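Colleague: If you're matching them up, the sequences are chains R and B in order. Everything in the first sequence is counted per this note's numbering, starting at 1 for the first residue and increasing by one. Everything in the second sequence is counted per this note's numbering, starting at 1 for the first residue and increasing by one.
Treat the hints with caution; some may be incorrect.
[As the list claims (entries may be wrong)] Which residues of chain B face chain R? A few of them, derived with a C-beta cut under 8 Å, are: (1) Trp27; (2) Ala66; (3) Gln196; (4) Lys200.
[What the hints assert, rightly or not] SDA-like cross-link-like pairs, simulated, lysine to any residue; straight-line CA separation at most 20 Å: (5) B:Lys31 / B:Asp42; (6) R:Lys156 / R:Lys132; (7) R:Lys97 / B:Asp42; (8) R:Lys132 / B:Arg35; (9) B:Lys200 / R:Val188.
Hints were generated in silico from the structure; no laboratory data involved. Predicted model only: the values in this text are computed from it and were never measured. Backbone N, C-alpha and C define an ideal beta-carbon position, used for all residues, glycine too.
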Amino acid sequence: MMIAIDNLTQKFSAPDGTTVHALDRVSLHIQQGEFISLIGPSGCGKSTLLRIIADLITPTEGQVLVNGKPAHQARQDREYGFVFQSATLYDWRTVLKNVELPLEIMGYGKAEREARARDMLRLVELGDFANKYPWQLSGGMQQRVSIARALAFQPKILLMDEPFGALDEMTRERMNNELLRIWQQLGVTCIFVTHSIPEAVYLSTRVVVMSARPGRISATIDIPLAQPRGPETRDHDDFFHLQSQVRAALREGAGEKVDERTARRVGVDG
Amino acid sequence: MTQARSSEKLQTAFIVVLLLLAVVGLWEGAKAFSRAVNYALDLPWGGTLDLRNFNNQQLPHLGDIARSFVEPAQRNGPPLGLILLNASLFTLSSAVIGFVLGGVLGFLLAIIFAHSRLLQRGLLPYVVASQTIPILAIAPMVVVWMRQINLTGLAVPIIAAYLTFFPVTVYALRGLTSVSPLQLELMRSYAATRWQILFKLRIPNALPQIFTALKISATASVVGTIIGELPSGIQSGLGGAILNFNQYYVQGPPRLWATIVAASLVGMLFFGVVALAERLIVRWNRPE
Ligand SMILES: Nc1ncnc2c1ncn2[C@@H]1O[C@H](COP(=O)(O)OP(=O)(O)OP(=O)(O)O)[C@@H](O)[C@H]1O
Ligand SMILES: [Mg+2]
Numbered sequence: 001m002m003i004a005i006d007n008l009t010q011k012f013s014a015p016d017g018t019t020v021h022a023l024d025r026v027s028l029h030i031q032q033g034e035f036i037s038l039i040g041p042s043g044c045g046k047s048t049l050l051r052i053i054a055d056l057i058t059p060t061e062g063q064v065l066v067n068g069k070p071a072h073q074a075r076q077d078r079e080y081g082f083v084f085q086s087a088t089l090y091d092w093r094t095v096l097k098n099v100e101l102p103l104e105i106m107g108y109g110k111a112e113r114e115a116r117a118r119d120m121l122r123l124v125e126l127g128d129f130a131n132k133y134p135w136q137l138s139g140g141m142q143q144r145v146s147i148a149r150a151l152a153f154q155p156k157i158l159l160m161d162e163p164f165g166a167l168d169e170m171t172r173e174r175m176n177n178e179l180l181r182i183w184q185q186l187g188v189t190c191i192f193v194t195h196s197i198p199e200a201v202y203l204s205t206r207v208v209v210m211s212a213r214p215g216r217i218s219a220t221i222d223i224p225l226a227q228p229r230g231p232e233t234r235d236h237d238d239f240f241h242l243q244s245q246v247r248a249a250l251r252e253g254a255g256e257k258v259d260e261r262t263a264r265r266v267g268v269d270g
Numbered sequence: 001m002t003q004a005r006s007s008e009k010l011q012t013a014f015i016v017v018l019l020l021l022a023v024v025g026l027w028e029g030a031k032a033f034s035r036a037v038n039y040a041l042d043l044p045w046g047g048t049l050d051l052r053n054f055n056n057q058q059l060p061h062l063g064d065i066a067r068s069f070v071e072p073a074q075r076n077g078p079p080l081g082l083i084l085l086n087a088s089l090f091t092l093s094s095a096v097i098g099f100v101l102g103g104v105l106g107f108l109l110a111i112i113f114a115h116s117r118l119l120q121r122g123l124l125p126y127v128v129a130s131q132t133i134p135i136l137a138i139a140p141m142v143v144v145w146m147r148q149i150n151l152t153g154l155a156v157p158i159i160a161a162y163l164t165f166f167p168v169t170v171y172a173l174r175g176l177t178s179v180s181p182l183q184l185e186l187m188r189s190y191a192a193t194r195w196q197i198l199f200k201l202r203i204p205n206a207l208p209q210i211f212t213a214l215k216i217s218a219t220a221s222v223v224g225t226i227i228g229e230l231p232s233g234i235q236s237g238l239g240g241a242i243l244n245f246n247q248y249y250v251q252g253p254p255r256l257w258a259t260i261v262a263a264s265l266v267g268m269l270f271f272g273v274v275a276l277a278e279r280l281i282v283r284w285n286r287p288e
């Protein structure tokens with residue numbers, strides 16, 4: 001077993017004194033080499049879950065174990081590559097130097113740094129842009145640089161927070177295929193946040209559906225579509241069938257919440 | 001694009017020349033007008049306005065000031081321009097030492113404050129307070145202290161540093177702490193150390209602001225040096241020249257004015273060098 005998430009609860013206290021229940025007893029076990037998509041309404045805690053897994057925030061309760069060791073240790077061991085919702089490139093570094101950044105921090109030699117960074121840029125089809133500065137790239141290109149940067153040090157776990165949210169449909173599909181190729185080639189474990197049902201189904205081995213207030217996992221749907229996937233996958237009957245399944249689970253998750261709210265209102269009135 | 005940029009340069013040059021002409025026009029115009037009315041203007045609502053400040057003694061012709069550079073300051077002495085050049089170089093070297101001292105001190109303070117909220121809250125008020133003390137009041141004391149420990153040569157640079165470090169602390173602190181949370185999280189995801197975050201994220205992020213401060217400090221250090229030279233009895237710099245030509249003002253008013261021009265040229269030169277360094281170092285930004 002690879003990542004064991006057990007009973008995670010995360011509460012944030014807002015400045016006005018109220019408490020936000022971002023995650024409520026979330027448990028999820030992920031096998032090595034899986035591709036997990038997190039999908040759910042805005043504010044249901046997807047980014048928070050990703051941050052806790054990466055040990056960027058410490059949960060109020062519960063724990064994350066990566067191959068038996070705490071998330072903190074896994075972060076110290078550089079097992080996480082994180083792709084944020086926005087590209088977060090450093091303005092003062094060229095594209096190549098941005099991809100080299102994690103390698104610099106981890107103490108790789110100059111020659112190896114550059115060779116690896118160039119490889120990764122080729123992987124995301126930006127080999128010709130190595131010496132450009134971030135502002136000279138489109139939003140989609142910047143996001144691809146940030147993916148190259150996350151892959152440069154070959155982390156075992158790739159955490160991606162809506163990496164393709166800002167891309168047009170065509171680029172997005174191409175990036176999906178590239179991501180699948182990279183995933184299979186490198187054998188990384190991926191946890192991927194998205195708002196797109198087709199994207200989640202196309203990429204994943206498992207789709208985790210979340211509901212909001214408090215953030216919970218409302219369903220987990222296996223995606224047994226054949227590997228490797230490609231354009232023909234998108235025409236497969238199962239592809240549509242599974243999308244409907246995810247959509248239904250999302251609706252059910254939202255429905256529960258409505259029920260709860262009605263119940264509460266009734267309670268107050270009575 | 002190059003064409004647009006060169007036409008922009010032309011526009012800048014045009015404006016600079018225009019402003020220069022305006023200053024010359026105002027200066028000489030005010031003088032000519034004052035002389036025409038015999039340095040007293042009857043006000044329509046009664047009383048007279050004293051315009052004697054515009055006479056040749058108080059406000060020499062620009063031409064006379066320019067000419068004074070090539071004329072000897074004393075009989076059979078070297079031309080004033082040469083004297084001022086030497087004085088400027090002397091003052092500039094003190095200013096540069098003060099600038100470096102102050103810059104380093106200011107930067108170190110900013111780094112300390114960026115890493116410790118406690119020290120920032122405890123020390124920053126004193127740093128601010130230090131800037132409210134008139135430099136003229138402490139300059140003589142610094143000179144005396146430095147003489148006591150046999151480092152007289154450092155007195156003036158230290159006074160200059162006193163004016164230099166503050167903008168650097170304020171701007172660098174702002175730059176070091178204004179990194180986005182996401183960029184910090186990125187660093188944390190690599191398990192980067194404090195030092196790596198400082199050198200690879202905070203300092204580069206602060207560079208544009210640091211250069212803003214350094215440009216302010218460059219001119220401030222020249223002012224600080226001249227102020228420091230006044231009470232310390234140093235004759236070789238612009239401060240000494242100002243004292244000297246002030247004392248003998250009546251014998252040659254343009255000399256003091258020429259010294260003022262020299263002082264401002266030194267400040268502008270220093271500013272220009274820092275601005276050039278900024279251009280060479282902060283080169284990642286989108287051209288406007
Ligand atoms: N640092 C924080 N401090 C306080 N509240 C927070 C913090 N981070 C997240 N929250 C709250 O926790 C909840 C979950 O936020 P999160 O960003 O995880 O949602 P999300 O599922 O990623 O949403 P989206 O799809 O819009 O990105 C939200 O209500 C949010 O306001
Ligand atoms: Mg989010």
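Colleague: Quick check on B:Gln196 please, does its C-beta sit within 8 Å of some C-beta on chain R?
Modeller: Holds - the Cβ of B:Gln196 comes within 8 Å of chain R, reaching about 5 Å at its closest.
Colleague: Is the hinted pair R:Lys97 and B:Asp42 satisfied, with a Cα-Cα distance of at most 20 Å?
Modeller: Status violated; Cα separation ~72 Å.
Colleague: Using 8 Å as the Cβ threshold, decide whether B:Ala66 counts as touching chain R.
Modeller: Violated - the Cβ of B:Ala66 stays beyond 8 Å from chain R, reaching only about 45 Å at its closest.
Colleague: Going straight from one Cα to the other, do B:Lys200 and R:Val188 come out at no more than 20 Å?
Modeller: violated (27 Å)
Colleague: CA of R:Lys132 to CA of B:Arg35, is that 20 Å or under?
Modeller: Answer violated: R:Lys132 to B:Arg35 is near 63 Å, above 20 Å.
Colleague: Using the nearest Cβ pair, does B:Lys200 come within less than 8 Å of chain R?
Modeller: Interface hint status for B:Lys200: holds (7 Å vs cutoff 8 Å).
Colleague: Holds or violated: B:Trp27 as interface residue toward chain R, Cβ cutoff 8 Å?
Modeller: violated (45 Å)
Colleague: If you draw a straight line from the CA of R:Lys156 to the CA of R:Lys132, is it 20 Å or shorter?
Modeller: Violated - the C-alpha atoms of R:Lys132 and R:Lys156 are around 29 Å apart, more than 20 Å.
Colleague: Does B:Lys31 pair with B:Asp42 here, judged by a C-alpha cut-off of 20 Å?
Modeller: holds (17 Å)
Hint compliance for this structure: hints 1, 2, 6, 7, 8, 9 are not met, and every other hint is.
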